[in-house]
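So the chains spell out like this:
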Amino acid sequence: MFYKGKEGQWSWIFHRITGIGVLLFLAIHIIDTMLVGWGPEIYNKVIAIYRNPIFKIGEVGLFAAVLYHALNGIRIMIIDFVPEFTKYHRQIFYLEMLLFFLSMIPVSFLMLSH
Amino acid sequence: MIQVHLKIQRYNPEKDSKPYFKDYAVECEPTDRVLDALLAVKGTLDGSLTLRKSCAHGVCGSDGMRINGRNMLACKVLIKNVSQPIVVEPLKGFKIVKDLVVDMKQFFEKYVAVKPYLINQETSPEKERLQSQKQQERFEDTTKCILCACCTTACPSFWSDPNYVGPASIVQAHRFIFDSRDQGGEERLNLLNQREGVWRCRTIFNCVEACPREINITRAIGEIKRDLLFKKI
Chain A
1 MFYKGKEGQW SWIFHRITGI GVLLFLAIHI IDTMLVGWGP EIYNKVIAIY
51 RNPIFKIGEV GLFAAVLYHA LNGIRIMIID FVPEFTKYHR QIFYLEMLLF
101 FLSMIPVSFL MLSH
Chain B
1 MIQVHLKIQR YNPEKDSKPY FKDYAVECEP TDRVLDALLA VKGTLDGSLT
51 LRKSCAHGVC GSDGMRINGR NMLACKVLIK NVSQPIVVEP LKGFKIVKDL
101 VVDMKQFFEK YVAVKPYLIN QETSPEKERL QSQKQQERFE DTTKCILCAC
151 CTTACPSFWS DPNYVGPASI VQAHRFIFDS RDQGGEERLN LLNQREGVWR
201 CRTIFNCVEA CPREINITRA IGEIKRDLLF KKI
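From first to last, the protein sequence lines stand for chains A and B. Read in order, the letters of the first sequence correspond to residues 1 to 114 in our numbering. Read in order, the letters of the second sequence correspond to residues 1 to 233 in our numbering.
With the rest of the complex left out, here is chain B (with noise of 0.2 Å):
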């Protein structure tokens, strides 16, 4: 066991007029997670530490957050792989709800935007809709987002501009635009060619640094650039 020292951000509306930093030790493991800190922190320490977690193995992506400077799952990174002090803040760009929950409404309002769900007139067939494994490999890649928000909060973009639709709804686009099986590419492709959609993007590169699922995204943007200045889906 080591002691690990932590320094989170803290706000409650209701009581702080801005966010501040607390510092806090606890013992864990060197293996442990940064989550596992956390959780000895609300659990030990100060019970009133509030935080999103689910299922804390990287696959729910509801504890994306800030350590060290960078966006992070605080269930994927080990104590040992961060230095110390470890300095946790929340997702920046969001409304803080209480110190590291933040709200995720506008989040999830441009996700549904993009219409992130197949489109398809024609009949449904008997069975499943076949593709072969080229089709599927062309949007692979973006099947893998997890929606935890780490890719929009770490992108200058979105923070300059919180109308800007973000990194993790174009990843969301871009699954079904490349999907042989979806006919509402024209759709989402409308949605995204405005000031507010991918041409925001200024190929920073950040979104792809943070994504938990190492998401090519700034590759999945340019796809869809390239697509509408060329129109060839």
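Isolated chain A, as found in the complex (with noise of 0.2 Å):
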């Protein structure tokens, strides 16, 4: 059975997750800058893919990874250097995750609506 941890593990598992996904972004996006070597052709027919809504999707589900990672980083920071506040992890969490919903509104709608 998966070991039922709680808010720490949870953030632990998106932290994973979201570090990864942008790390995989990352890849991906150097890969097609490269390709600018071989010529303009090859380059533009590349990113042309990009323009499928598929990836505007992608693109909000890119911009969530890394607000969470970035956000959750600060999270193990504050923890980490002020070791008193793990009293509050659950808490610093959930306010946490209200900064990334209340930021993820805004943002998913100007991005999806472009």
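Treat the hints with care, since some could be wrong.
[Stated by the list, open to error] Using 16 Å as the maximum straight-line C-alpha spacing, the simulated EDC-like pairs for lysine to aspartate or glutamate come out as follows:
#1 K87(A) <-> E214(B)
#2 K42(B) <-> D16(B)
#3 K231(B) <-> D80(A)
[Unchecked claim] Some, not all, of what chain A presents toward chain B, calculated at C-beta under 7 Å:
#4 M1
#5 Q9
#6 W10
#7 I79
Just so you know, these hints were derived from the structure itself, not from any lab. All C-beta atoms, glycine included, are put in the ideal place defined by N, C-alpha and C.
Need the complex rebuilt from these two chains, each delivered in its own frame; the hints are there to steer you.
Shown next as structure tokens:
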């Protein structure tokens, strides 16, 4: 059975997933930019793929991943540098999630409506 | 009396190729502990069920196990407080000896490695070594550990790296590092200032949630990390 951790375990799992997601994006981004070396034709052809609506949703996902990873990183730093705050780690996590969703609502709207 | 359904992980390395779950039903009071239900299974249904228990009152720490997916002491959990069927598994990350009994040799080796005893080269005073209340409070939380291993085996960092010293040993080290009477802080900190020491902790808090003694383990680890970083013991 999967270990039933609480907020701390979930925040860590999301941190790993978003970290891998952002890394994957960076790898793809390096590859597509590298294609310039083979001339504008192939580069434009590959970049055109990104106009597909799926990539629009993917971009929102990328923003969400970067935002979560950054906010959770700050939470980890606070806990690491001020261990006294470990007592409130759950509250800090919920505050982080609140900030995350408050930011994601307008950002998703703006990104998807363009 | 109510009927209690249990789903217990069984494994006999001499017979079974891999662990499997077996269902049991026993009569118990809702205010009985999960340990009582397990002993009822062993006593009335299947004598081959193997588990560790000693004091049965949350002091010795020998009946740590995974109950409904979380590490707990079977003697501290009331049946009425857990959902049924009660899924019982051995502690994760240790080699299973049989059923719910795990091999804790490595766990205790790591415990010994952090030198969990007073180191003081000065001549012993005639009476006790005095300490102020404030000095005692500095490490009081980590004196409560009963070495049940619930924290270490709830830690994903330990599951992925069995060489990680683990939360329980760090708690034991903390208990002496911050004791004003102790002089062995440096040697313990050197041991913990390694890849497999405190830096392996990812502040996941599973250890804190699992600790039956409610020790703020992540805080203890954090204090050691901070002291290693800023060198102010």
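Hints, one by one, checked against the model:
no.	hint	in the structure
1	K87(A) <-> E214(B)	holds, 11 Å
2	K42(B) <-> D16(B)	violated, 19 Å
3	K231(B) <-> D80(A)	holds, 15 Å
4	M1	holds, 5 Å
5	Q9	holds, 5 Å
6	W10	violated, 9 Å
7	I79	holds, 5 Å
In this structure, the earlier hints numbered 2, 6 are contradicted, and the remaining ones agree with it.
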